[in-house]
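A.B. asks: Chains V and P are the protein sequences, given in the same order. Letter by letter, the first sequence follows residues 1 to 267 of the numbering used here. Letter by letter, the second sequence follows residues 1001 to 1286 of the numbering used here.
Some chain P residues judged to face chain V by a derived CB distance under 7 Å, without partners named:
{"id": "1", "residue": "Pro-1020"}
{"id": "2", "residue": "Ala-1023"}
{"id": "3", "residue": "Leu-1035"}
Since the hints were derived computationally from the structure, they do not count as laboratory data. No experiment lies behind these values; they were computed from the predicted model shown. C-beta: ideal position from N, C-alpha, C; glycine also.
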Amino acid sequence: MMASAFMSAGRRVFLLLLAIFLAAPLVVVTGVSFNATQRMSFPPQNPSLVWYGVFFHDAGWMSAFTLSLTVATLAALVAVSIAFPIAYAIWKYQSRMGKLLESVARISFLLPSIVLSIVFLVFWSWIGHAGKIEDTILSHAVVFVTLPLTTIGLGFRSVDYALVEAARTMGARDSDVLRTILRPIVLPYVISGLVFVFILSLNEYVIAYMVAGFEVETLPIKVFNNLRMGFQPTMCVGAVLFMLVGIIAFSLVALIGDLPKLLGGRQ
Amino acid sequence: MTATATPMQRLRLGALLAWPTLALVGLALVPLVLLLRISVAPPDLAGMWGHGLTLAAYAAPAEPEVARALLHSLFLAVVVATISLGLGFPLTALITRMRRGRQVVWLVFLLATLSLSDVLIAFSWQVMLSKRIGLSGIFVALGLIDKSDSLAPSDGAVIACLVYLVLPFTVLTLFPVLSRLDRSLIEAARTLGASPRRAFLTVVIPMTRGPVMIAFLMAAVLTLGAYAPPIVLGRPQSWPMAVLIGNAALAGHDLPRASAMSIFLLGVTVLLALGAAWLARGKLRR
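Make the full structure from the sequences, and use the hints.
C.D. replies: Next comes the structure, spelled out in structure tokens:
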């Protein structure tokens, strides 16, 4: 009994320490963003929202912020448009081509991002198209396509095949099955795939920087460029906004679907 | 697709996979082949790369600076992946045993940290480790260091930041397998007299070794690719390969050199993948 009480206390301490480790940078950056002066101090002195006003009235920061959101949204849509047909082909036809494409997608995710950034820099310069927003979007879509592929694959595998058989026996065509049976089951997995690409693209720095960093200055690129010139509290405001976007996006996913199940947990 | 597929089905499958094939071949395979080609081209500082073939760029690791960067990348990858797995495995195991509500809160929390760019996380760590924000003061009070000072730049700061970056990926990779782990098997092993440690080694490890290996590899790859954290938090004399590659491309305008160095970094990645696979097999036999 003593031993198990000791174990459970140990677990609680472990979780508490990890929670502090994970929360610390978020708390410190949020705190610093509320400083009234330009100085970097924590806890904040004379808490105020002055830097939020500066951020929202600064054309440069706002354009970086909206550019990031645009790139991330389009990259997510493109990634899902690549991933969904592959996942469907593997599930419905056990397509060997589909599995091959899946491995290509997996391998490109398992390359170090600095290497990918050089790969895409060389590629877009080769076709004479460097420095465009499409480069950033398509590069992100291809690098992150494995995430929706994984979630949508999970979704298809969670479909009870007896349901599909029953629909077929009653005369449903493929398109009917897709619409009435597959859509409601797989949709949450598609959404979670979208959110994953959106969030990772929003925050991806080195590929975006190499491919089109001078023309397409996303928020992480702007923060990094400013970091070299010294501290500015507006960078913390940017970080806080991104955190909020992340928390809201994943909380929405948790509200729409069963988050543990969407992440591949127990059915 | 089975051998009995009708031409109609085959056509439909072709139409279905046309766009994904185009996208993945055109934007993943072709660029990779191009990287190999550029790595053996002569540099051309005015444009991008010259015509002809040369292996000059492959001599880069002969330079002490590059050799040290390669070793340092390998060192960072192994250290960060080991720490992330050491923290991530028990964390995931504990999360899977929580009640649903707490489980969701922990998952959203981890996913929220995932939604901060490595630049922003490196920046947060820089703020936290700076002399002004009292983390070093806490360490002095705990007796860990002598006097309050900035804790960055240092290798420790880079490692802490990278572990932070990698941990959510580790948990997400291990979550499915640990969540579905059949606990009755562990109980069976315990009933048959296995110690908790033995049950862990003979039941849990073999059942989870695939995902554990992938989690290790993913942590290593994320570390090898990280560019901003070592620049923000590390010392120039211990910059890893990623920073050198970035500098070769951006400051040096030498794409063949950056490509050849990328291929060496890919070599390190493959080495780590083989090492992880070998370790996973070794554990299975025991």
